[in-house]
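Produce the entire structure from the sequences given, and follow the hints as far as they go.
First to last, the protein sequences are chains A and B.
Taking my numbering, the leading residue of the first sequence gets 56, the next gets one more, and so forth.
Taking my numbering, the leading residue of the second sequence gets 36, the next gets one more, and so forth.
These aren't lab readings, by the way, just hints derived from the structure by calculation.
It is possible that some hints are incorrect.
[Stated by the list, open to error] Covered stretches of chain B, going by a simulated chain A footprint (3 or more residues, C-beta under 8 angstroms): (1) 337 to 349; (2) 418 to 427.
[Stated by the list, open to error] Computed list of lysine-lysine pairs in DSBU-like fashion (alpha-carbon distance at most 35 angstroms, straight line): (3) A:Lys-105 x B:Lys-420; (4) A:Lys-131 x B:Lys-420; (5) B:Lys-431 x A:Lys-153; (6) A:Lys-153 x B:Lys-417; (7) B:Lys-417 x A:Lys-105.
Using N, Cα and C, we set each Cβ at its ideal position, and we do this for glycine too.
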Amino acid sequence: MMYSKTVMDHFRNPRNVGVIENANGVGEVGNPLCGDMMTIYLDIQDDVIKDIKFQTFGCGSAIAVSSMLTELAKGKTVAEASLISNKDVAEALEGLPKNKMHCSNLGADALHMAIQDYKERLAGTKRAEPERVEVREHDHKGKCYCPYCDIEIKIGARFCEACQSELDEEH
Amino acid sequence: MTPGGKEPEMTFINLDHISSNPLLPEVKAAMIEAIQADYANPSSQHTPGEKSAALLEKAREQVAGLLNAAAPKEVVFTSGGTEANNHAIKGVALANAAKGRHIISTNIEHNSVIRSLKRLQSQDFQITSIPVDESGRVNPADVADAIRDDTILVSVMHSNNETGTIQPIEEIGEITRKNKVIFHCDAVDSVGIVPVDVQKLNVDLLSFAANPFYGPTGVGGLYIRRGTRIFPILDGGVQEGNKRAGTENLIGIIGMGVAAEVAKRDLELRVAHLSGLKKKFLQELPKFVDECIINTHPEHSLPNLVSVSPRYIEGESVMLMLDDEQIAVSTRSACATGSLRASHVLLSIGLSHADAQGTLVIAFGVDNTEADVDTFLEALRKTVKTLRDISPLYQKMHGVG
Numbered sequence: 056m057m058y059s060k061t062v063m064d065h066f067r068n069p070r071n072v073g074v075i076e077n078a079n080g081v082g083e084v085g086n087p088l089c090g091d092m093m094t095i096y097l098d099i100q101d102d103v104i105k106d107i108k109f110q111t112f113g114c115g116s117a118i119a120v121s122s123m124l125t126e127l128a129k130g131k132t133v134a135e136a137s138l139i140s141n142k143d144v145a146e147a148l149e150g151l152p153k154n155k156m157h158c159s160n161l162g163a164d165a166l167h168m169a170i171q172d173y174k175e176r177l178a179g180t181k182r183a184e185p186e187r188v189e190v191r192e193h194d195h196k197g198k199c200y201c202p203y204c205d206i207e208i209k210i211g212a213r214f215c216e217a218c219q220s221e222l223d224e225e226h
Numbered sequence: 036m037t038p039g040g041k042e043p044e045m046t047f048i049n050l051d052h053i054s055s056n057p058l059l060p061e062v063k064a065a066m067i068e069a070i071q072a073d074y075a076n077p078s079s080q081h082t083p084g085e086k087s088a089a090l091l092e093k094a095r096e097q098v099a100g101l102l103n104a105a106a107p108k109e110v111v112f113t114s115g116g117t118e119a120n121n122h123a124i125k126g127v128a129l130a131n132a133a134k135g136r137h138i139i140s141t142n143i144e145h146n147s148v149i150r151s152l153k154r155l156q157s158q159d160f161q162i163t164s165i166p167v168d169e170s171g172r173v174n175p176a177d178v179a180d181a182i183r184d185d186t187i188l189v190s191v192m193h194s195n196n197e198t199g200t201i202q203p204i205e206e207i208g209e210i211t212r213k214n215k216v217i218f219h220c221d222a223v224d225s226v227g228i229v230p231v232d233v234q235k236l237n238v239d240l241l242s243f244a245a246n247p248f249y250g251p252t253g254v255g256g257l258y259i260r261r262g263t264r265i266f267p268i269l270d271g272g273v274q275e276g277n278k279r280a281g282t283e284n285l286i287g288i289i290g291m292g293v294a295a296e297v298a299k300r301d302l303e304l305r306v307a308h309l310s311g312l313k314k315k316f317l318q319e320l321p322k323f324v325d326e327c328i329i330n331t332h333p334e335h336s337l338p339n340l341v342s343v344s345p346r347y348i349e350g351e352s353v354m355l356m357l358d359d360e361q362i363a364v365s366t367r368s369a370c371a372t373g374s375l376r377a378s379h380v381l382l383s384i385g386l387s388h389a390d391a392q393g394t395l396v397i398a399f400g401v402d403n404t405e406a407d408v409d410t411f412l413e414a415l416r417k418t419v420k421t422l423r424d425i426s427p428l429y430q431k432m433h434g435v436g
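Structure, rendered in structure tokens:
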């Protein structure tokens, strides 16, 4: 099995699954390469995440990531939750397979979007309809990494010498 | 009893026969005997060597019989389907480059064909890749239209390993014969499962592997019609009529020979058994899971294979949950592959990325029973429900809850 015991536990028994009907923060991310999609619902009271729920379309690690993220965020203040990173989620899951780091580890991004949504609603600057953000595989300020083996590659390269993968135009 | 010749194991239900198959009892026995006998090198001229050579030729006759080859020596043993496909494509290209550098194939071939062609493309060969229609079939007229004066090879697979759809090989073969172009067919997932007759199909080259018909992995072969211009891709000794160097994998080849003989004998029985299971599954599926896309051709397809995409969920998750229920299936979700790419075959037949992500390949085998289908359908119902309950896509289509 390529997944850790913790990943399989969260996949088999995902925590905090579902929808919060009157959520005051909603965040949704999608990945165009493999189609993973994740929605996070927040119920924030007195600056604390009182309740958090998720819905996910994706592989075993995408579901485990969502579940673990909700556990990490629940009970935290907005400021504390804003500091949770995708890396923190992966570490709490005792690691993810390398090739899954990019595509299924989107939980923190969805959480940050939900927090942003909450702040905008609070400030009254809320957009009518939250836009769905498509996370690109690579957003690494001038550097580029192979989406399959994570090694640094030339920007615009169509082939990764390290893992012999052919690459799409956008990476 | 099943056509597999044994009581089915109750512990794990294998519905992933496209990935690997158990050895038939007869095959195991023959291979164990071969191991115990310490056979010599079939190329040696001493008595033990000649005894080995006789066993090698017996296996060649058994395989030639399954394919209906005109002569056993038209069968060249390889390390499996991948080598056979590489051999056919690169071997024909190398041997005929002076005549032309154009090759025709399709969008849904196995990677061993696609990547061989890409390799040739980087060596100044030109490749025309023909699309398939929504049912996954090639139109023979498209092949005829693509043929040029410098076309040296047409390569089309017999059945697709992801959808099970069978191609009109006989019709394409008539076209290539008329145009005097060499015709290769990758029949790895068909040989031993459905009748494959190299005479009837009008093919010059045909790849096959032993494991799909319950022989060992690591053994297969390439049928090379007498007179076909092809170079070896492994250079070395004069084994296999100078077409494939290297000391033969005698133990594996003996196993393949027995598997071929049993396949020929039991073919009708197997087709009846497998298509019965497939029919039962397809008929009862809507009672257990709604909103499924069936990617397998209703008529022109392998009797053992169904490709099904339950919508709004992802295949790796389904596979893992079914694994917990002691059921093995295969998924064509990009998430379950090392490359994380959506299947080129499923995109070719018009599936969206999201639907391709949910695609399962169910491949029945001779060891499966109707009870297995019942168990599987119930487990699939449970799994799909669990995953749809947490799917934002399902919620978007069906409202909250």
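Structure-based check of each hint:
1. 337 to 349: As far as the region 337 to 349 of chain B goes, the hint holds, because 3 residues have Cβ atoms under 8 angstroms from chain A.
2. 418 to 427: holds (count 4)
3. A:Lys-105 x B:Lys-420: 28 angstroms, holds
4. A:Lys-131 x B:Lys-420: The hint holds at about 32 angstroms.
5. B:Lys-431 x A:Lys-153: Between B:Lys-431 and A:Lys-153 the Cα gap is close to 31 angstroms, so the pair holds against 35 angstroms.
6. A:Lys-153 x B:Lys-417: 30 angstroms, holds
7. B:Lys-417 x A:Lys-105: 31 angstroms, holds
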